[in-house]
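Novice: Here are the chains, one letter per residue:
Number of protein chains: 2
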Amino acid sequence: MFKDVLRELVERTDGAIASLLMGFDGITVDSYSRDPNALNVETMGSEYSVVLGQIKQAASMLDLGITQEVAVQAENMTTVIRLLNDEYFVAMALAPSGSVGKARYLLRVQAGKLLERLS
Amino acid sequence: MFKDVLRELVERTDGAIASLLMGFDGITVDSYSRDPNALNVETMGSEYSVVLGQIKQAASMLDLGITQEVAVQAENMTTVIRLLNDEYFVAMALAPSGSVGKARYLLRVQAGKLLERLS
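So the protein sequences, as listed, match chains A and B. Just so we're aligned: the first sequence equals residues 1 to 119 in the working numbering. Just so we're aligned: the second sequence equals residues 1 to 119 in the working numbering.
Read the hints as simulated data drawn from the structure, not as lab findings. Each residue gets a CB set at the ideal place from its N, CA and C atoms; glycine is no exception. Among the hints, a few may not be true.
[Said to hold, decoys possible] Stretches of chain A that chain B covers, calculated by requiring three or more beta carbons in the stretch to come under 8 Å of a beta carbon on chain B:
hint	region
1	37-47
2	53-61
[Stated by the list, open to error] Dumping the calculated PhoX-like pairs for lysine-lysine here, alpha-carbon to alpha-carbon at most 20 Å:
hint	chain 1	residue 1	chain 2	residue 2
3	A	Lys113	A	Lys3
4	A	Lys102	A	Lys113
5	A	Lys102	B	Lys102
6	B	Lys56	A	Lys56
7	B	Lys113	B	Lys3
So here's chain A without its partners, still in its complex pose:
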């Protein structure tokens, strides 16, 4: 139900490693990995879900409106996260050389399709 979109996100983005649809409670809805041995994307997602909740709170307290996207670039991996609604987010993990712009674009255009299927 979600796997085709998650697979498409990874396969169409240079340097993408995995994608993930998750609730802010840290529970995975579905995920796709180019190489399941390379990265435990669910562990990564559940770590980030806590932080995302706090970013949402901070942004709303600061009157910045609804948080739409968060990107974290670390030495060994870049993570781009698109918040779908108050309950779910979709994330992509990329190699440091990966195409962050393409990941952001695809996450934005596929967000509607994921939301539709979640409801």
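Following the hints, position chain B against chain A.
Specialist: Okay, now just chain B, sitting in the frame of chain A:
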């Protein structure tokens, strides 16, 4: 000592509102604002400093290496944060239509200059 760099960041980036050099303890080193009435950049920074600390921890726990950059896009504002070292970060606030790519580029190239002056 830092103001010239912080001003340059804002003035050279389309849609930039303010910039800030801050410690992870939430204490401002220096800041520059195009319109000081429009945004309390120090309040924003100190809210984000807490979240940034947690992102650093999560990334290091996940073996993703040192966190280099975090970008948060909310409805009314985009924030791009460059982590300088274990103690300090530099951030820029942009209007939603602002040039995030330019902000990321300038923060990266100016990081060295800020680090040099901090030590």
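Novice: Which numbered hints does this structure break?
Specialist: none
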